[in-house]
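> Protein chains in written order, with my numbering: chain A, 1 to 116; chain B, 1 to 116.
Hints were generated in silico from the structure; no laboratory data involved. Errors might be hidden in some of the hints.
[Claimed, not checked] DSS-like mimics (lysine-lysine), calculated; alpha carbons at most 30 Å apart, straight line:
no. : chain 1 : residue 1 : chain 2 : residue 2
1   : A       : K115      : A       : K16
2   : A       : K3        : B       : K44
3   : B       : K44       : A       : K73
4   : A       : K3        : B       : K78
5   : A       : K3        : B       : K41
6   : B       : K78       : B       : K44
7   : B       : K54       : A       : K3
8   : B       : K44       : A       : K70
9   : A       : K3        : B       : K51
10  : B       : K41       : A       : K73
11  : B       : K41       : A       : K70
12  : B       : K41       : B       : K54
13  : A       : K115      : B       : K41
The lines below spell out each chain.
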Amino acid sequence: AQKITQTQPGMFVQEKEAVTLDCTYDTSDQSYGLFWYKQPSSGEMIFLIYQGSYDEQNATEGRYSLNFQKARKSANLVISASQLGDSAMYFCAMREGWAAGNKLTFGGGTRVLVKP
Amino acid sequence: EAGVTQFPSHSVIEKGQTVTLRCDPISGHDNLYWYRRVMGKEIKFLLHFVKESKQDESGMPNNRFLAERTGGTYSTLKVQPAELEDSGVYFCASSLSGGVRTGELFFGEGSRLTVL
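Same shape as in the complex, but just chain A:
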């Protein structure tokens, strides 16, 4: 069964606008972590933001915020004030349990293209 689902294969966003990337997950664990990574054309996977299942507040990192809705099992990434450099692939990932040694399960990714 697919554990991380990213339903948007690709999307355009206008520069300076906000964009929301969807991510839903499936797990029976109570303890888990959710991650978002950015993969620009250079290929490197860049960590953006992390949300723990017990974290009460939504995580924020600069222009990135994670809209964590635990009951709905969703962890959407919001990028505010999009920049041209935000054009990239974005991956949602989950780590189940605290002792999983950072073994991650990834979604299929969403390609974002920021238009000037």
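Given the structure of chain A, go ahead and fit chain B onto it with the hints provided.
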């Protein structure tokens, strides 16, 4: 400080040949992971080293894949003999021990393998 480095960045080989991918983690990182993304599919976990020991190799697809981590430093992933379905991007990542609750997993730029 250097990040995770991978070599080669791209390798093109014929079916039946052997390829060895190398990963140099960030200095001091005990944890080293291999992931791969086959065309059109999600990024999948392959295995996890803690220092020189294999902690989890549940994601290794078959016995044509052999991973080593000499002296707990760099790691190699050998594919022998390569098959067409092995084509994809192989990512290496590293993290410090204890980096469980946050996204302290640093990825390299990946090694693209094309098997003809």
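> State for each hint whether it applies.
Comparing the hints with the structure gives:
| no. | hint | verdict |
| --- | --- | --- |
| 1 | A/K115 with A/K16 | holds, 9 Å |
| 2 | A/K3 with B/K44 | holds, 12 Å |
| 3 | B/K44 with A/K73 | holds, 21 Å |
| 4 | A/K3 with B/K78 | holds, 29 Å |
| 5 | A/K3 with B/K41 | holds, 13 Å |
| 6 | B/K78 with B/K44 | holds, 17 Å |
| 7 | B/K54 with A/K3 | holds, 25 Å |
| 8 | B/K44 with A/K70 | holds, 24 Å |
| 9 | A/K3 with B/K51 | holds, 29 Å |
| 10 | B/K41 with A/K73 | holds, 22 Å |
| 11 | B/K41 with A/K70 | holds, 26 Å |
| 12 | B/K41 with B/K54 | holds, 25 Å |
| 13 | A/K115 with B/K41 | holds, 27 Å |
In summary, this structure violates none of the numbered hints.
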